[in-house]
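Given chain A, put chains B, C and D in place with the hints provided.
Chains as they are written, first to last, in my numbering: chain A, 1 to 466; chain B, 1 to 466; chain C, 1 to 466; chain D, 1 to 466.
Don't read these hints as lab results, they were simulated from the structure. Wrong hints could be hidden among the right ones.
[Stated by the list, open to error] Here are the simulated PhoX-like cross-link-like pairs (lysine-lysine), alpha carbons at most 25 Å apart as the crow flies: (1) A/K328 x B/K443; (2) C/K72 x D/K449; (3) C/K328 x D/K451; (4) D/K449 x B/K324; (5) A/K328 x B/K324.
Source: prediction; values computed, not measured.
4 protein chains.
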Amino acid sequence: MSDHPALRYISKGAWGLVEPLVSPRAKDLLAKLVDFLENDVIPAEALFHAQIPTHPPEARWASVPTVLETLKDRAKELGLWNLWLSGGDFQGMAGGQGGGLTNLEYALMAEIMGHSAILAPQATNCSAPDTGNMEVLARFGTQAQKEKYLVPLLKGEIRSSFSMTEFGVASSDATNLRNTTAVLDAAKKTVSLTGHKWWITGAGDPRNKVHIVLAVTDPENPSPHRRHSLVLVDPKQKGVRVVRPLTVFGYDDAPEGHCEMRYDNVQVDVDSGVVGGKAGLGRGFEIIQARLGPGRLHHCMRSIGIATRALDMLLQRVSDPARKTFGKHLREHGTVLADIAHSRAEIDQARLLVLAAARRVDVAGAKGALQDIGIAKFTVPTMALRVVDRAMQVYGAEGVSSDTHLPYFYASLRTLRYADGPDEVHIQQIGKQELKRVEELRKRTDQIKAKSEKLLREGGKERAKL
Amino acid sequence: MSDHPALRYISKGAWGLVEPLVSPRAKDLLAKLVDFLENDVIPAEALFHAQIPTHPPEARWASVPTVLETLKDRAKELGLWNLWLSGGDFQGMAGGQGGGLTNLEYALMAEIMGHSAILAPQATNCSAPDTGNMEVLARFGTQAQKEKYLVPLLKGEIRSSFSMTEFGVASSDATNLRNTTAVLDAAKKTVSLTGHKWWITGAGDPRNKVHIVLAVTDPENPSPHRRHSLVLVDPKQKGVRVVRPLTVFGYDDAPEGHCEMRYDNVQVDVDSGVVGGKAGLGRGFEIIQARLGPGRLHHCMRSIGIATRALDMLLQRVSDPARKTFGKHLREHGTVLADIAHSRAEIDQARLLVLAAARRVDVAGAKGALQDIGIAKFTVPTMALRVVDRAMQVYGAEGVSSDTHLPYFYASLRTLRYADGPDEVHIQQIGKQELKRVEELRKRTDQIKAKSEKLLREGGKERAKL
Amino acid sequence: MSDHPALRYISKGAWGLVEPLVSPRAKDLLAKLVDFLENDVIPAEALFHAQIPTHPPEARWASVPTVLETLKDRAKELGLWNLWLSGGDFQGMAGGQGGGLTNLEYALMAEIMGHSAILAPQATNCSAPDTGNMEVLARFGTQAQKEKYLVPLLKGEIRSSFSMTEFGVASSDATNLRNTTAVLDAAKKTVSLTGHKWWITGAGDPRNKVHIVLAVTDPENPSPHRRHSLVLVDPKQKGVRVVRPLTVFGYDDAPEGHCEMRYDNVQVDVDSGVVGGKAGLGRGFEIIQARLGPGRLHHCMRSIGIATRALDMLLQRVSDPARKTFGKHLREHGTVLADIAHSRAEIDQARLLVLAAARRVDVAGAKGALQDIGIAKFTVPTMALRVVDRAMQVYGAEGVSSDTHLPYFYASLRTLRYADGPDEVHIQQIGKQELKRVEELRKRTDQIKAKSEKLLREGGKERAKL
Amino acid sequence: MSDHPALRYISKGAWGLVEPLVSPRAKDLLAKLVDFLENDVIPAEALFHAQIPTHPPEARWASVPTVLETLKDRAKELGLWNLWLSGGDFQGMAGGQGGGLTNLEYALMAEIMGHSAILAPQATNCSAPDTGNMEVLARFGTQAQKEKYLVPLLKGEIRSSFSMTEFGVASSDATNLRNTTAVLDAAKKTVSLTGHKWWITGAGDPRNKVHIVLAVTDPENPSPHRRHSLVLVDPKQKGVRVVRPLTVFGYDDAPEGHCEMRYDNVQVDVDSGVVGGKAGLGRGFEIIQARLGPGRLHHCMRSIGIATRALDMLLQRVSDPARKTFGKHLREHGTVLADIAHSRAEIDQARLLVLAAARRVDVAGAKGALQDIGIAKFTVPTMALRVVDRAMQVYGAEGVSSDTHLPYFYASLRTLRYADGPDEVHIQQIGKQELKRVEELRKRTDQIKAKSEKLLREGGKERAKL
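Okay, chain A solo, but in the shape it has when bound:
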């Protein structure tokens, strides 16, 4: 299957390595996805942007471009729906069709989606934060919570937010989060949620029907990992207020948005409104830990797609005959060729890293793949930023302007260097993890040295210097 349409995006080297691990069904879905991307999704991007009003400000958050619904219908028709669903937890759930792919197979899909990171994930119901929220609900929600939120999420009828980050606090260490509390009544039947959050993705979206809010429910618990719970809140509910949309490099990401939120005495019933009901009290930290692994990898997968799209743009720009400087096409310049070669080499390596991590999740579970996911987490976005930056440079002023996607790509990728834990945290953890090999190494080295000395003695020689 050397002429699979995905080879227009994925290098032959990587494909050769993983192809034996990809089922015929997944290959078929992948081919359909490429077709959908090229014939439906990317062509719809311009209309999508045009359908978002530029002003007045409030209009940006009042509606969702209709073209998106068209794309969603088409994706469902093609069976390109909920591809991220790995199976188990969603068995027999209405709307839960699709999926059943391995993580490796989904990695290939997600890379293709990354080529239209703004539309493709949403069009196929594979977008953050919904996917992570669906996982939380499927694994930890009560039956009623699943019916109320998970089913419409799986069907793409509603959207959701994950409300965790707090102002003035290093959120990468979740035990720091303390500015949102859900006070239990005496009977432990209801909680009153009050707090201040920001960077709540999707909170601006008119389709949003639920915020999953991390709040302190047991501040005195001796274990800092047992103090939080996850509270389900309706954005239309009394006491819930969007303070303002935040911007990233000047982009507001309307209509989804990243919002500053206030929750003031929001009344929530424990049974229906705490994830897992009463049994979920104090399990907030545990649940969000479980949520993070695969999500990080999905971001990496899509980032590869973004980087590849940027490289494809670069290739076309430097080949534009109108852009000769000093008598030379841009593509004839040695440094441009070097930029291309390095971009290709870096993309190829990053893709393989992500595919290997995805495969590792398949083989050893998300926990067994932590090291591989962590390495991808701090490696891939930085790589993609470099590639996008090189593309920007050949586009000149156009490359940083609203006339290309590049600055938006840059802004989106830049957030991944701190989201779900800043690079530095992952780098330190990988370093420490690697150091765990020392004991075995030392033992092995000692054995080798003993043998080595024995051989020297037998050979009648002293250890020489190189």
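Here is chains B, C and D on its own, set in the frame of chain A:
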């Protein structure tokens, strides 16, 4: 097979991806190779170095450490002999047992060998330049040439040189080579070889029994690619002279060496002494092209092993309790952890790149894998140099001294950045290759744009700015 | 004067080197500027931004924040006006007071201004593109043009644009510019200007009273450097139209803006409306060349200031006690300390580079300083981007958001990597310039070699290898 | 003086900045030094190397090339002797003529010397470790010690070693050094020195007449900074033994060498043999601290010279007409031009950094310049290594071989990344130093914020987002 001993060297992520492509026989050989490395090869390094006399200078080239023969015998016993042999061309050849591995499988072996790059390849008859020379003889030699040179090479009884590089000439463009000529007599029965070469690896070795010399035989041929032939020369023959051994960063690599050579009127019979006999005249350029691909990949594979050994050394050093500075273990320093994490990430990526390229050779042949091999060629040695340099830094003075292998690792790896074509040449070629995608990209972009305009028109909108 | 207030911003090392070259008057002005920056300018930034309406879109371009006029008045009072004026060309010009500084002295001023790059240059009438435009008018304008445009510009009463960049053309090679033509009438008395430009900085500003437009007036001239003229156009004039403001990473830079412009049959009198009158016809290319040198350096100077402000922000953030992660202050992390040290080292080096280039302009003129200016041009913005990016990273989400200046700093600096010629062009030129030393080097090397051989002969030795 | 011969080596930008600070006498010396370098020193390099026997090993350490004495005589004649002498401490000392330069002036000299780092410093009696040892003796030695050691050192009659580094210990934290002890007899009249040191530079040199050995004399002292003394030892004395010369990347640096040393019960009289006599007991740590600052800067100065020589070699190589590849001169390749431009930019910046640090020593003393020296320490060698590596790459095999100086340059520079404290230590210290500015920054920021809020209130506006 999650507890394969190779996992002490190869990351689980990469292993998970390739394991389904590795045959049970290859897994078994790989396990034996790890055992051989740990129990025989690395322990023998000290004696190997001790068995090379330090002076007088000529003594360094007079004998080969006996421990090497012991290792070779052991490797044959274990079936770890000629693992690089891919089969086809060597069918039924005496000494040609072993091998039969795919390139992917051999890549794993070569990485393990890289942990003792000085001994393991020789011990298993997998070392350059012999492997490339054997390929030349097997594919292009006459039957008599195969019997005389190939059979003893396959048995590890003799060694060989490939005599190509010339002084004062950019050898990376082989058509530049013109300082060695093999003048045909009138009857075209003999040639008289005269020339000046340098960097002839293995020319100092007392076991060396043949130089394959690239020489101009048809200087007037209109095609610069038809002017050269490969001439087989006995190093003991009249007119052959080692001018001097060269050094790399102060290392002479005795007893193999990298030598400056003079050939003065060396008489060679065309039938027996031109590769391919009379039919081989003018095919020098063609043959050396065929020789280069897999060899480049072998170097990359071994470089991964060298880098991993350097990282393992680093891990042990920074964990040495005697080396606290300012009250802290070196391993507690954030920048040390970052060095470890980056080294791990870079090694993992490079390994995957090489494995994917090797797999590509299996799937599409060496020619079909050119792009992948080229990317590995300019990526891997640079990566390995970075890792070795980081290890050096934590070892301080010891790290640049004769008391560790690190400076020798550095010197060896540094040569790979220009050998078989400098990085810059490969980078330019990959850049140009990538640009060939532009036509397809442009067509696709045009189609997308047309659809996009149609959608805008139908939606009654103008193209908006992001 | 070791306690000069500028030492809060400029490292003592650089100060020690240049201090003897700074006049007492310049030191006094510099102290006043630091005071103005800290007590007036930076405190006014928030009000400035608050005074720009967010909507409707057209309101953003309708007025200029009044706080700016307050600052301008204050700067005039303090004698901090037109500091960039180097003297000569502006002698005796109304409004031309201030200035008289050396380029080295002005470099120090410009770095301080860079700490509030959005306000300080405007407040002191030292901002692009006005400074370059004033230079053009002073050096090449007719007396009438000087009175009409230069005098009010020097007084800060009006603003101006330089209209050069064209869509779809590599503008870094100005001979490519051909989409704007100014057709002379038969009598050569008037021109009719028609064309399409973009990235016209300041074209959105309601105070803007003149565009200096580069247009083709002599398309058939055999020399591509004699085909263009500079045409003065009133933005309110018939045929002049702002198509739209462009954005940089989502920022529109209102009310100045960077605009796409159309000029449709704009009628201009040659005597009054071509820079230099009739004598200026065909001199467009020559004039813009003269304009570029010092402007490039001013950008570099300010970039150092931006980088230093970002580092100062970083220092404060990592010292924030509320932001512990995993029990540690951010400032205790080794990689954070390394980021700080590298930022400091890079800023220090870049500053010295710019100061040396400024001094070189003082000593050898702008032409004599081309090499030094070119090196600064491709070095400084990249450095500043790195520092800003490090600051972003420690600020997390806040660092890419509208709540800090960092993403705006990043966006502004990013444009400098292609504006006035992309880095690549300058890099190539410096490389070529440096190669001009080869002839002298070769001669010297030959002499050395001859002497060396003589010494060897006299010493009775052969050349040894190291 | 725009045509000073030093401008063949030092960029005009840097020269323009420092020239007003350079005295006429220093300019004259500098011109003589350039002449000496070009006409005497570099031409003598080949003979110097040829005069060092290659074998037997012991012959390498038995004599010093006679050409060196010729050069020393010539340098004395020209007044280019002991240029590093800053005056004060050496007043009226026999042999102490020369010198009297500022640190800035000497920085220029040292850069020129760096072009022949192997010979020029020795030829002018400006080489490590003698300069540092002379400083120690001048500042802390007794009168008798000065007469015995300092005077002949100043005359260039003898050489010396500084014996500090110990095996198996992180010597960068000198309080760790504990493997060498000097036990006082009961009467405190003599000490018995026993210990194990390595990397003792110059210990192989037959001219060496004194080792200054850091030894523990008061192991129980509560302050770890009062436990050590410096003991003067004659290398011919009983109990002093060179265990072996060490190599750096395979180079032994004969006849100076870097040696592993044993001191076994070496008897030393306290008055004559402890630096400072009885009063010097326990002051070892204090003295070595005083020794390090300027020495670090001298290394940096010379490194700039090495980098410049490597760049000059690169320029000549890429201009060699014999080295076309694929029809192009190497100098026509865009990536080669970029390598040149970046090398030039990096050298220029590093030079300015070192000059500013030297000037700072002149203005504020070595202590006041610690920050500037530290930044240079971790910046300059890394930069020089990059430039040498680029030169290597264009030289191909020749560039790593004994036929060019490049690998030796590389090896020498590489040691500077850990000598006198590894880069990491300096980086951490600079980071911490920089953080000391936070208090002032925070105060200033608070004042600005208060003013800013006041302006907003007065202007009737809320803080807007950018």
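**Message:** For each hint given before, does the structure comply? Return the numbers of the non-compliant ones in rising order.
**Reply:** 3, 4, 5
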